[in-house]
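Novice: Sequence:
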Amino acid sequence: MMLRLPKSAQRDAAIRKMIRQIPKGKVATYAQVAAAAGYPLCHRQVAQILRAAPPGSLPWQRVLGAGGQIKLKYEAALEQRTRLEMEGVRFRGKRVDMSAHQYRFRTWE
DNA sequence: ATCCTGACCCAAG
DNA sequence: GCTTGGGCCAGGA
Numbered sequence: 755m756m757l758r759l760p761k762s763a764q765r766d767a768a769i770r771k772m773i774r775q776i777p778k779g780k781v782a783t784y785a786q787v788a789a790a791a792g793y794p795l796c797h798r799q800v801a802q803i804l805r806a807a808p809p810g811s812l813p814w815q816r817v818l819g820a821g822g823q824i825k826l827k828y829e830a831a832l833e834q835r836t837r838l839e840m841e842g843v844r845f846r847g848k849r850v851d852m853s854a855h856q857y858r859f860r861t862w863e
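Letter by letter, the first sequence follows residues 755 to 863 in my numbering.
Please keep in mind that the hints were generated in silico from the structure rather than gathered at the bench. Model, not experiment: these values are computed from the prediction. It cannot be assumed that every hint is accurate.
Straight-line Cα separation of at most 20 Å, PhoX-like style, residue types lysine-lysine; simulated pairs [unchecked claim]: (1) 761 - 771; (2) 848 - 825; (3) 848 - 780; (4) 825 - 780; (5) 848 - 827.
Full structure from sequences and hints, please.
Specialist: Put into structure tokens, the structure is as follows:
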């Protein structure tokens with residue numbers, strides 16, 4: 755039988771799915787994740803999902819603000835940077851080198 | 001329903 | 001580079 759989930763649940767599931775697709779050493783922005791999931795205006799929801807996600811369920815460190823900027827504050831920002839550098843991601847000053855680490859989601863299929 | 005806040009984004013100045 | 005204002009969506013008080 756057809757289970758009709760709330761539209762918000764479908765959207766959140768799609769977003770989580772895209773986040774999990776980002777491989778180690780690559781990154782994507784909040785807006786790119788939202789767009790790839792089919793919800794180009796829901797970048798804020800991406801952040802909300804990451805915040806509420808159980809530890810270890812998502813590679814949260816691979817999602818950045820526009821231009822490769824870390825949006826967390828204080829110690830959390832340092833942890834994200836450290837985790838990314840561990841995965842081989844290199845920074846240009848305060849921003850991630852997007853030209854080298856930008857992950858491109860597949861659009862067709 | 002209103003107001004506020006947030007791991008946002010972008011165009012201007 | 002920086003700050004501002006407006007736009008966006010959702011959740012909580």
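Novice: With reference to the structure, classify each hint as holding or not holding.
Specialist: Now for the hints, and whether the structure bears them out:
Distance hint between residue 761 and residue 771 is fulfilled; the C-alpha atoms sit about 16 Å from each other, no more than 20 Å. Taking the CA atoms of residue 848 and residue 825, the gap is about 11 Å. The hint holds against a cut of 20 Å. Taking the CA atoms of residue 848 and residue 780, the gap is near 17 Å; set against the 20 Å cutoff, the hint holds. Of the supplied pair hints, the one linking residue 825 and residue 780 holds, its CA atoms being roughly 17 Å apart against a limit of 20 Å.
Of the pairs offered as hints, the one joining residue 848 and residue 827 holds, with about 13 Å between alpha carbons and a cut-off of 20 Å not exceeded.
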